[in-house]
Amino acid sequence: MTARIQQAEKQQYFDAGVVAVIEKPFEATQLGDELAAIYQRYLLTLKSTNLEKSMQVPARLLTEHERLPALQLTGLLDTESEQRFDRITHLARLVLCSEIVLMSLVDSERQWFKSKQGLDACETGRDISFCGHAILGHGIFEVPDTLLDSRFVDNLLVTQAPFICFYASVSLSRSGEQIGTLCFIDSKPRTLTANEREIATEFTKTVEQEIEDRLQAQPRQQLAASELTCRTRAQGFHQNLPRKFSTIFTSRCQQCQKGRWHRFGLAAL
8 MTARIQQAEK QQYFDAGVVA VIEKPFEATQ LGDELAAIYQ RYLLTLKSTN LEKSMQVPAR
68 LLTEHERLPA LQLTGLLDTE SEQRFDRITH LARLVLCSEI VLMSLVDSER QWFKSKQGLD
128 ACETGRDISF CGHAILGHGI FEVPDTLLDS RFVDNLLVTQ APFICFYASV SLSRSGEQIG
188 TLCFIDSKPR TLTANEREIA TEFTKTVEQE IEDRLQAQPR QQLAASELTC RTRAQGFHQN
248 LPRKFSTIFT SRCQQCQKGR WHRFGLAAL
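Counting in this note's numbering, the sequence shown runs from 8 upward without gaps.
Quick caveat, the hints were computed from the structure, so don't treat them as lab data.
Careful, some of the hints might be misleading.
As the list claims (entries may be wrong) - Restraint-style ranges between C-beta atoms, simulated for each label pair:
1. 69 with 158: 33 to 39 Å
2. 222 with 196: 17 to 23 Å
3. 125 with 225: 28 to 34 Å
4. 145 with 219: 14 to 20 Å
5. 212 with 155: 17 to 23 Å
6. 212 with 70: 17 to 23 Å
7. 127 with 94: 31 to 37 Å
8. 134 with 76: 36 to 42 Å
9. 76 with 144: 16 to 22 Å
10. 70 with 168: 16 to 22 Å
11. 132 with 69: 18 to 24 Å
12. 225 with 196: 14 to 20 Å
As the list claims (entries may be wrong) - Listed below are the simulated DMTMM-like cross-link pairs for lysine to aspartate or glutamate, each with C-alpha atoms no more than 25 Å apart in a straight line:
13. 123 with 193
14. 195 with 220
15. 212 with 184
16. 195 with 89
17. 195 with 152
18. 123 with 203
19. 195 with 215
20. 195 with 87
21. 195 with 149
22. 123 with 85
23. 195 with 85
24. 212 with 87
25. 123 with 106
26. 212 with 156
27. 195 with 73
28. 123 with 87
29. 195 with 130
30. 195 with 217
31. 195 with 156
32. 123 with 219
33. 195 with 71
34. 123 with 89
35. 212 with 161
36. 212 with 93
37. 123 with 205
38. 123 with 220
39. 195 with 219
40. 123 with 93
From a predicted model like this one, the values you see are computed outputs, not experimental measurements.
We treat Cβ as the ideally placed atom computed from N, Cα and C, and that holds for glycine.
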């Protein structure tokens with residue numbers, strides 16, 4: 008009964024124009040964060056009053072049947088973080104003074120973050136993603152103020168943490184397909200300068216090159232791992248051979264190794 012009365016009282020406050028209620032005591036440092044959150048909600052209420060709330064779910068590309076295989080072939084989804092990508096997002100965050108920088112890969116029903124700076128979440132649904140909108144075109148996709156944009160004003164990523172107010176991204180492409188974005192996010196309105204747009208584009212090109220380098224390195228890494236396994240097994244077998252056969256076996260192994268490595272344009276180990 009008491010809970011119902013408290014809820015009714017809170018509703019009266021909201022009906023009167025109150026945008027948030029502090030329900031428990033806070034330390035001074037905590038209160039600052041709470042007031043900041045309340046102010047964010049106040050701005051949202053103020054700016055979105057005259058906007059028609061109609062969050063748009065990202066459309067699907069006509070080439071989705073080609074885009075998704077191109078993404079899968081990168082082998083990036085659901086893998087551990089890698090320094091080659093983290094160093095780029097870290098530097099991009101510093102250079103462009105962004106609160107959040109993400110290397111986002113847009114899968115069938117989600118966007119997954121291969122590299123992230125300033126955000127704990129690893130993924131979100133594609134239906135609420137900004138990157139889902141961004142991959143529909145080429146170049147830079149920018150939303151200076153989400154609270155003034157009817158497409159995003161009631162998006163959960165705007166009304167809740169991380170309270171996206173500014174969003175900009177450049178599409179990541181591979182084999183002509185848009186597989187994701189390098190995106191920049193802030194909780195305050197902003198517009199990229201011409202210089203910042205160029206910098207964002209260059210960082211994105213660097214990410215694309217790292218993806219290609221990673222793919223090219225995989226066959227060699229797999230071959231090296233296979234070679235190591237074969238050597239380990241051969242050594243055990245070699246130790247159990249009579250000396251006469253051991254010499255012949257070693258010679259044949261060396262010839263086979265040279266042939267395998269030369270097919271890849273590499274010198275034998």
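What hint numbers does the structure not satisfy? 1, 2, 5, 7, 8, 10, 12, 14, 16, 19, 20, 23, 26, 27, 30, 33, 35, 39
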